[in-house]
Amino acid sequence: MTAASTSPMIRVAGVDKFFGPLHVLKNVQLEVPKGQVVVVLGPSGSGKSTLCRTINRLEPIDSGVIEVDGQPLPAEGKELARLRADVGMVFQSFNLFAHKTIVENVMLAPVKVRKTPATEARKTAMELLERVGIANQAEKFPAQLSGGQQQRAAIARALAMKPKVMLFDEPTSALDPEMVQEVLDVMTGLAKDGMTMLVVTHEMGFARKAADRVIFMSDGEVVEDSTPEEFFSAPKSNRAKDFLGKILTH
Amino acid sequence: MSVLTNHLDLFLYTFGQTLQLFAISAVLSLVLGTILAALRVSPVPVFRGIGATYVTVLRNTPLTLVFVFFVFAYPLLEIVKIEPYTAAVVSLSLYTAAFVCEVVRSGINTVPVGQAEASRALGLTFTQMLGNVVLPQALRSVVPPMTSTMIALLKNTTVASGFAVVQAGSIRDSLSEQGENVLFGLLWVAVGFVILVMPLTYVQQVFEKRWSVAR
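Sequence order for the protein chains is A and B. Here the first sequence is numbered in UniProt numbering, starting from 1 and rising by one per residue. Here the second sequence is numbered in UniProt numbering, starting from 1 and rising by one per residue.
Don't read these hints as lab results, they were simulated from the structure. Incorrect hints may appear among the rest.
Claimed, not checked - Distance ranges between label pairs, derived from CB positions:
#1 Ala23/B - Gly77/A: 35 to 41 Å
#2 Gly114/B - Pro177/A: 55 to 61 Å
#3 Asn109/B - Asp193/A: 39 to 45 Å
#4 Ala190/B - Ala135/A: 54 to 60 Å
#5 Gly114/B - Ser237/A: 32 to 38 Å
#6 Asp185/A - Thr53/B: 51 to 57 Å
#7 Ser212/B - Lys236/A: 54 to 60 Å
#8 Gly14/A - Pro145/B: 30 to 36 Å
#9 Arg210/B - Glu230/A: 54 to 60 Å
#10 Pro43/B - Lys246/A: 38 to 44 Å
Every residue gets a Cβ at the ideal spot worked out from N, C-alpha and C, and that includes glycine.
Could you put the whole structure together from the sequences, leaning on the hints where they help?
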């Protein structure tokens, strides 16, 4: 990132967010340059999922600025829909469309939003399903797949829009342990291909291996922003030390 | 039996009219009711208000009064002249739409929030989300109550007999004019309705079965 003129893919500046009296995001600052993989760690309730969801405005913010690829988030409406089309999102609970087959799930947005012809969209969808390793499940309904397969389908669905950036909101937290790795492998592959990613997760292994940067959040604040090596070997804050102490001893 | 066989033409004609009234009103109320449900879940407060007011007014008014309005009061406004038959279709459709709206809305509420969030995250507009993701799933879960609403509509068509619209509910009048046994005539009318409702129940079973497999 030498070119100073290029704006970061995600810029979060001075963002505050309240749920009623609860101050969930406190003056959050974060920039994610193009091509970088940023992992957000932190105890539950620290605001990391909320932060992830504010970036495509699934959660509106109370103050501050969020820009995606240099463009501030517009208010709800067609403009926002257009911006969201460029931001892929993967949810903890997969949220595949229950009444559509896997390949239809992947095709829907390209056909409806990008107006891609159905045959072309299907071809691309099958390539993506191949890439995440579930092409043989294409004609099944989401409920017929395992959690890991559903999450990989959800990743394919997000990729079908050719997003500039991918947001992952605890993508492996709802999975059985033996299925976590297959999803992480897909994500690691994406990271290697140069996708800009913001990943909220509890997977320390993924953070170590695939992240360029680790953000540690606690009580709605960004407490640390460092490289994975630094964060895991020499955390600066007591809160991070305490957090790592709790996880790594198990 | 003779009441039926002697007046078979009357029975066939009036039940035909009943079916026609039902079919037109069913289509109109399903369309209008779904649009109203969409208004009621819209992010725009004004639309939600319109939907809620419509349901409150039409659902809380007796159907007979809706008929009275369109058959007697509405013509006095001299906007567009309508025949009693049209007035019956309009009354039945507007009235039933309020119930359809609430059935569809209850279906929308059964669709997990995540489905809507995933649609929005992919860049679908509100209408695209509703049409492609939420409504198709909502309608799957409301087949039984929707069938009940349609059965009620079918039977409500008889209210039209009080307003010079000939259908199965008018059979009694014709029979009594001709000095026939009205009690047996009405029994046959009841049998006729049972027969008309049965296909609706069958359609319900078909949809329930098909959609229970598909997810």
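Here is how each hint holds up against the structure:
no.: 1; hint: Ala23/B - Gly77/A: 35 to 41 Å; verdict: 39 Å, holds
no.: 2; hint: Gly114/B - Pro177/A: 55 to 61 Å; verdict: 23 Å, violated
no.: 3; hint: Asn109/B - Asp193/A: 39 to 45 Å; verdict: 40 Å, holds
no.: 4; hint: Ala190/B - Ala135/A: 54 to 60 Å; verdict: 58 Å, holds
no.: 5; hint: Gly114/B - Ser237/A: 32 to 38 Å; verdict: 34 Å, holds
no.: 6; hint: Asp185/A - Thr53/B: 51 to 57 Å; verdict: 54 Å, holds
no.: 7; hint: Ser212/B - Lys236/A: 54 to 60 Å; verdict: 56 Å, holds
no.: 8; hint: Gly14/A - Pro145/B: 30 to 36 Å; verdict: 49 Å, violated
no.: 9; hint: Arg210/B - Glu230/A: 54 to 60 Å; verdict: 57 Å, holds
no.: 10; hint: Pro43/B - Lys246/A: 38 to 44 Å; verdict: 41 Å, holds
Hint compliance for this structure: hints 2, 8 are not met, and every other hint is.
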